[in-house]
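S.K.: Modelling step: build the complete structure from the supplied sequences, incorporating the hints.
Here the protein sequences come in this chain order: A and B. The first sequence runs 1 to 470 under my numbering. The second sequence runs 1 to 470 under my numbering.
I should point out that these hints are in silico values taken from the structure, not numbers from a laboratory. Be aware that one or more of the hints could be misleading.
One copy or any two copies: either way a pair holds, since identical chains are not told apart in the list.
Each computed DSBU-like pair below joins lysine-lysine, with the alpha-carbon atoms no more than 30 Å apart [as the list claims (entries may be wrong)]:
(1) 348 to 298
(2) 417 to 449
(3) 270 to 348
(4) 298 to 40
(5) 348 to 401
(6) 379 to 298
(7) 298 to 114
(8) 429 to 417
(9) 270 to 379
(10) 298 to 392
(11) 417 to 270
(12) 298 to 401
(13) 417 to 298
(14) 417 to 392
(15) 429 to 40
(16) 298 to 449
Because the structure is a prediction, the values reported are computed rather than measured.
2 protein chains.
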Amino acid sequence: MSMIRYPGTYTDLYQLTMAQAYYLGGTRENAAVFDYLFRKNPFDGGYAVFAGLEDALSALEELRFEEREIGFLREQGFDARFLEYLRGFRFTCDVHAAREGEVVFATSPVLSVKGPIIEAQIAETLLLNILNFQTLVATKASRMRFAAGDRSLVDFGLRRAQGLGGYHASRAAVIGGFDATSNVRAGMDYGIPVSGTLAHSFIQSHDDELAAFRAFAEQRPQNCILLVDTYDTLRSGVPNAIATGREMEERGHRLAGIRLDSGDLAYLAKRARAMLDEAGLGYVRIVASSQLDEHAIKSLVEQAAPIDAFGVGTSLVTGRPDAALDGVYKLAFANRGPRIKITEETEKITLPQLKQVFRLLDGEGNFYGADAVALAGEKDVEAMHHPFDTLKSLSTRGFAKERISRPVMRGGARTQKPLSVREIAAFAKARLGQLEDEYKRFGRPYVYKVGISDRLKAVRDRLIARYRRA
Amino acid sequence: MSMIRYPGTYTDLYQLTMAQAYYLGGTRENAAVFDYLFRKNPFDGGYAVFAGLEDALSALEELRFEEREIGFLREQGFDARFLEYLRGFRFTCDVHAAREGEVVFATSPVLSVKGPIIEAQIAETLLLNILNFQTLVATKASRMRFAAGDRSLVDFGLRRAQGLGGYHASRAAVIGGFDATSNVRAGMDYGIPVSGTLAHSFIQSHDDELAAFRAFAEQRPQNCILLVDTYDTLRSGVPNAIATGREMEERGHRLAGIRLDSGDLAYLAKRARAMLDEAGLGYVRIVASSQLDEHAIKSLVEQAAPIDAFGVGTSLVTGRPDAALDGVYKLAFANRGPRIKITEETEKITLPQLKQVFRLLDGEGNFYGADAVALAGEKDVEAMHHPFDTLKSLSTRGFAKERISRPVMRGGARTQKPLSVREIAAFAKARLGQLEDEYKRFGRPYVYKVGISDRLKAVRDRLIARYRRA
Numbered sequence: 001m002s003m004i005r006y007p008g009t010y011t012d013l014y015q016l017t018m019a020q021a022y023y024l025g026g027t028r029e030n031a032a033v034f035d036y037l038f039r040k041n042p043f044d045g046g047y048a049v050f051a052g053l054e055d056a057l058s059a060l061e062e063l064r065f066e067e068r069e070i071g072f073l074r075e076q077g078f079d080a081r082f083l084e085y086l087r088g089f090r091f092t093c094d095v096h097a098a099r100e101g102e103v104v105f106a107t108s109p110v111l112s113v114k115g116p117i118i119e120a121q122i123a124e125t126l127l128l129n130i131l132n133f134q135t136l137v138a139t140k141a142s143r144m145r146f147a148a149g150d151r152s153l154v155d156f157g158l159r160r161a162q163g164l165g166g167y168h169a170s171r172a173a174v175i176g177g178f179d180a181t182s183n184v185r186a187g188m189d190y191g192i193p194v195s196g197t198l199a200h201s202f203i204q205s206h207d208d209e210l211a212a213f214r215a216f217a218e219q220r221p222q223n224c225i226l227l228v229d230t231y232d233t234l235r236s237g238v239p240n241a242i243a244t245g246r247e248m249e250e251r252g253h254r255l256a257g258i259r260l261d262s263g264d265l266a267y268l269a270k271r272a273r274a275m276l277d278e279a280g281l282g283y284v285r286i287v288a289s290s291q292l293d294e295h296a297i298k299s300l301v302e303q304a305a306p307i308d309a310f311g312v313g314t315s316l317v318t319g320r321p322d323a324a325l326d327g328v329y330k331l332a333f334a335n336r337g338p339r340i341k342i343t344e345e346t347e348k349i350t351l352p353q354l355k356q357v358f359r360l361l362d363g364e365g366n367f368y369g370a371d372a373v374a375l376a377g378e379k380d381v382e383a384m385h386h387p388f389d390t391l392k393s394l395s396t397r398g399f400a401k402e403r404i405s406r407p408v409m410r411g412g413a414r415t416q417k418p419l420s421v422r423e424i425a426a427f428a429k430a431r432l433g434q435l436e437d438e439y440k441r442f443g444r445p446y447v448y449k450v451g452i453s454d455r456l457k458a459v460r461d462r463l464i465a466r467y468r469r470a
Numbered sequence: 001m002s003m004i005r006y007p008g009t010y011t012d013l014y015q016l017t018m019a020q021a022y023y024l025g026g027t028r029e030n031a032a033v034f035d036y037l038f039r040k041n042p043f044d045g046g047y048a049v050f051a052g053l054e055d056a057l058s059a060l061e062e063l064r065f066e067e068r069e070i071g072f073l074r075e076q077g078f079d080a081r082f083l084e085y086l087r088g089f090r091f092t093c094d095v096h097a098a099r100e101g102e103v104v105f106a107t108s109p110v111l112s113v114k115g116p117i118i119e120a121q122i123a124e125t126l127l128l129n130i131l132n133f134q135t136l137v138a139t140k141a142s143r144m145r146f147a148a149g150d151r152s153l154v155d156f157g158l159r160r161a162q163g164l165g166g167y168h169a170s171r172a173a174v175i176g177g178f179d180a181t182s183n184v185r186a187g188m189d190y191g192i193p194v195s196g197t198l199a200h201s202f203i204q205s206h207d208d209e210l211a212a213f214r215a216f217a218e219q220r221p222q223n224c225i226l227l228v229d230t231y232d233t234l235r236s237g238v239p240n241a242i243a244t245g246r247e248m249e250e251r252g253h254r255l256a257g258i259r260l261d262s263g264d265l266a267y268l269a270k271r272a273r274a275m276l277d278e279a280g281l282g283y284v285r286i287v288a289s290s291q292l293d294e295h296a297i298k299s300l301v302e303q304a305a306p307i308d309a310f311g312v313g314t315s316l317v318t319g320r321p322d323a324a325l326d327g328v329y330k331l332a333f334a335n336r337g338p339r340i341k342i343t344e345e346t347e348k349i350t351l352p353q354l355k356q357v358f359r360l361l362d363g364e365g366n367f368y369g370a371d372a373v374a375l376a377g378e379k380d381v382e383a384m385h386h387p388f389d390t391l392k393s394l395s396t397r398g399f400a401k402e403r404i405s406r407p408v409m410r411g412g413a414r415t416q417k418p419l420s421v422r423e424i425a426a427f428a429k430a431r432l433g434q435l436e437d438e439y440k441r442f443g444r445p446y447v448y449k450v451g452i453s454d455r456l457k458a459v460r461d462r463l464i465a466r467y468r469r470a
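M.R.: Right, here's the structure in full:
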């Protein structure tokens with residue numbers, strides 16, 4: 001499926017250094033639980049769209065160390081016994097996770113790995129590298145979808161992507177709500193519609209704009225979209241596109257669209273729409289690109305700019321301005337007991353034990369606005385507490401609840417066959433539909449509550465007290 | 001060398017749509033020149049460090065379309081004759097470029113591709129994807145190097161990188177001045193020193209911190225760096241590290257360092273240094289990490305924090321806050337004549353023809369602060385003009401000058417064997433040494449001048465006049 005096979009050494013050196021210490025120290029088989037979570041919703045927003053899971057599961061299933069990698073690690077001074085272990089390495093842990101495309105929230109565990117500590121440790125960098133980035137981009141894309149309504153959204157970002165990051169960015173964009181991508185390989189590997197027609201260079205390579213439009217329309221009468229801003233959008237580009245569109249009609253074809261790529265997009269779209277309509281080309285669509293992000297799209301929609309499709313590049317595929325999701329992978333159980341990390345920054349104190357997440361639903365089946373993190377064994381939760389503010393708690397009795405995480409791997413094997421990007425995108429769309437708009441708005445979104453159950457709170461507070469005494 | 005082989009379809013669809021139009025229109029062999037340049041120095045800085053060239057040249061040499069890709073393109077409606085062409089595709093253009101690691105400036109052409117327009121067009125996305133990102137990260141790294149002086153800099157970014165972008169980020173970081181990376185695979189493929197010891201999870205997996213330190217030091221007495229902030233840096237971490245260091249001495253070893261990963265790094269470094277020195281462990285180095293960027297490093301250095309090495313993650317590998325370099329690939333010659341793109345935004349008007357860049361040197365062999373862009377055939381330049389402000393020009397007579405670009409590919413084959421990352425990094429270091437600090441400072445850096453020669457200006461102005469008349 002993917003053009004990528006992650007090598008075993010696609011990791012941070014310290015994962016292997018620690019793994020060797022577990023191996024040689026005889027603790028490698030000790031059962032451990034790690035949680036993947038992020039501490040802040042991206043883009044100062046109210047939620048995130050979880051993405052990257054299917055790629056991550058494939059990467060874990062295929063995780064191997066090749067002979068050349070073993071040789072390199074030997075040069076780095078690793079122990080021969082440990083290298084022999086790596087040579088036969090297979091990932092055999094259990095993984096629980098939210099479904100890919102799920103709407104998730106800061107501080108709540110999104111994925112958990114349970115198994116021998118040495119394997120769970122080795123998986124850390126790979127999981128973080130895949131999940132952090134795709135979740136960032138899927139969330140960014142969902143914000144653009146929120147702004148764009150039902151207008152088309154196309155990913156144009158590959159040229160400005162962070163190198164090969166552009167490959168998975170195109171996948172995540174569709175999960176977040178994009179319709180298509182310019183990225184041919186991502187389209188091929190992930191079954192995403194591909195889109196794109198011509199650039200300024202094609203126009204410039206001809207002696208004049210009309211000659212270029214004619215040459216292109218002749219070669220590509222289907223889905224022909226002409227770029228109209230190479231010289232002067234309203235005085236040259238749009239009139240030449242109209243002339244070309246009329247010639248296409250004579251041959252029984254229809255010009256599909258024009259693309260605006262510079263200048264004031266609202267003004268130009270309105271003028272171009274009027275010119276096209278007046279020429280009887282009301283069916284020609286207007287595509288706009290050029291430094292767009294969710295805020296620019298929102299503004300264009302508010303101005304009633306007659307734009308049918310937005311092409312978005314840099315801000316989408318790089319998840320600008322955040323550029324990274326701060327996802328972490330924290331130890332919750334090891335050495336026969338619950339584990340915690342204490343720090344001066346209270347909100348960075350971790351939650352111990354294997355856990356599960358209950359989501360409260362309102363009467364219409366929409367999200368009520370609260371997730372309760374509980375111990376894995378709890379059948380239901382009666383109340384949830386703010387993790388740190390002892391004054392805040394909420395009775396959860398009588399609410400319909402959903403369990404957000406489910407087993408996705410047992411003993412290192414997937415529990416079900418991989419979902420297509422199309423299926424994941426449909427699920428994300430449905431879940432975003434269950435989230436009220438107040439959580440989606442860009443400025444100061446309503447805060448979705450993530451709390452902890454009585455029993456989880458009790459375990460955590462005992463651990464804090466023990467370490468504070470020590 | 002690289003773990004990546006770029007497939008031919010790792011491109012924007014419109015490159016192939018245009019290529020098909022050139023092919024079927026009979027213009028595919030027309031000679032063309034494209035320039036790669038960026039319009040704004042990254043990070044509001046005064047320069048950029050050019051990186052990614054060797055990877056880009058390898059990608060061009062290896063550029064092929066595989067049968068599965070041809071099949072996918074057939075489903076997308078591409079013409080059978082064009083697909084037959086793609087099946088035998090080889091990149092045969094000439095490429096001129098600045099050396100990798102060169103200090104380069106906005107608006108000046110950094111790389112040019114000359115050859116059949118169909119091939120030069122197909123190369124666009126690949127070149128932009130590779131060069132934009134590595135140049136962004138190498139420049140970011142160089143700013144951190146400028147702030148850090150001769151302290152060690154280590155890349156810790158893989159977990160927060162934009163997916164696979166992390167692979168090339170580690171390479172570019174070293175070109176910009178980093179010493180090592182945590183990224184094992186990048187270290188292996190690019191000959192970069194790898195570095196890393198342990199994380200919080202290792203400490204937490206033991207019943208107490210001292211037991212964890214002892215277990216780790218026993219398994220790894222060489223280059224052992226202990227992470228001291230899991231519970232309480234000054235009351236637990238540093239005292240336990242000192243105890244471990246003393247036990248190591250008894251066995252004839254030396255604790256290499258401690259790592260601070262949270263809290264006020266300046267304060268903690270000073271206190272930890274005093275505690276280590278008092279314990280006779282003056283040789284133990286202090287490594288600091290946690291949300292660092294060039295500004296944080298500069299501040300720590302100004303506060304005389306006794307930090308020997310900085311571990312930098314997110315801001316380095318994502319090139320935050322920019323997250324992308326706005327590099328473009330513009331047509332300068334085609335269809336037997338110079339080409340230009342006119343736009344309302346004057347500074348986006350392109351420079352026609354195949355060009356070269358002369359760099360002025362001062363009496364000491366340092367950069368004088370001005371590059372002159374000239375036509376390829378010019379032996380020397382007598383004067384350079386501001387590209388748009390007709391009042392500004394500079395006589396360049398009597399200056400020693402260097403030619404910045406050179407042939408790097410002829411007919412699609414490299415003109416010399418690939419350089420190692422170590423060689424490129426050494427060149428970048430030397431070139432950054434020739435650039436005065438005024439261009440490197442973070443706040444309002446001195447503006448390095450990029451001008452155009454008399455003859456280039458004449459060609460460009462003739463073209464502008466022609467299009468404005470039309």
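S.K.: A separate judgement is required for each hint: does it hold in the structure or not?
M.R.: Structure-based check of all given hints:
1. Within a single copy, residue 348 and residue 298 get their C-alpha atoms only as close as 34 Å, which misses the 30 Å cut-off; across copies the closest is 26 Å, which meets it.
2. When the C-alpha separation of residue 417 and residue 449 is checked against a cutoff of 30 Å, the pair qualifies neither within a copy, at 33 Å, nor between copies, at 58 Å.
3. Only between protomers do residue 270 and residue 348 lie at most 30 Å apart by alpha-carbon distance; the minimum there is 24 Å, versus 50 Å within a single protomer.
4. Proximity of residue 298 and residue 40 under a CA criterion of 30 Å is satisfied in both settings, with 24 Å inside one chain copy and 27 Å between copies.
5. For a Cα distance limit of 30 Å, the shortest separation of residue 348 from residue 401 inside one copy, 27 Å, qualifies, whereas the shortest one across copies, 56 Å, does not.
6. Taking the shortest alpha-carbon separations for residue 379 and residue 298, neither the intra-copy value of 43 Å nor the inter-copy value of 53 Å comes in at or below 30 Å.
7. Proximity of residue 298 to residue 114 under the C-alpha cut-off of 30 Å is found in neither arrangement, the shortest distances being 43 Å within a copy and 41 Å between copies.
8. In this assembly of identical chains, the alpha carbons of residue 429 and residue 417 lie at most 30 Å apart only when taken from the same copy (21 Å versus 51 Å across copies).
9. For a Cα distance limit of 30 Å, the shortest separation of residue 270 from residue 379 qualifies neither inside one copy, at 58 Å, nor across copies, at 50 Å.
10. In this homomeric assembly, residue 298 and residue 392 never come within 30 Å of each other (Cα to Cα): the closest approach is 35 Å inside a single copy and 41 Å across copies.
11. Taking CA atoms no more than 30 Å apart as the test, residue 417 paired with residue 270 passes in neither setting, with 48 Å inside one copy and 54 Å between copies.
12. Proximity of residue 298 to residue 401 under the C-alpha cut-off of 30 Å is found in neither arrangement, the shortest distances being 34 Å within a copy and 50 Å between copies.
13. For the identical chains of this complex, residue 417 and residue 298 are neighbours neither inside a copy (38 Å) nor across copies (50 Å), given an alpha-carbon limit of 30 Å.
14. Taking CA atoms no more than 30 Å apart as the test, residue 417 paired with residue 392 passes in neither setting, with 41 Å inside one copy and 66 Å between copies.
15. In this assembly of identical chains, the alpha carbons of residue 429 and residue 40 lie at most 30 Å apart only when taken from the same copy (22 Å versus 38 Å across copies).
16. In this homomeric assembly, residue 298 and residue 449 come within 30 Å of each other (Cα to Cα) only inside a single copy, at 27 Å, whereas the closest approach across copies is 38 Å.
When held up to the earlier numbered hints, the structure conflicts with 2, 6, 7, 9, 10, 11, 12, 13 and 14 and fits the remainder.
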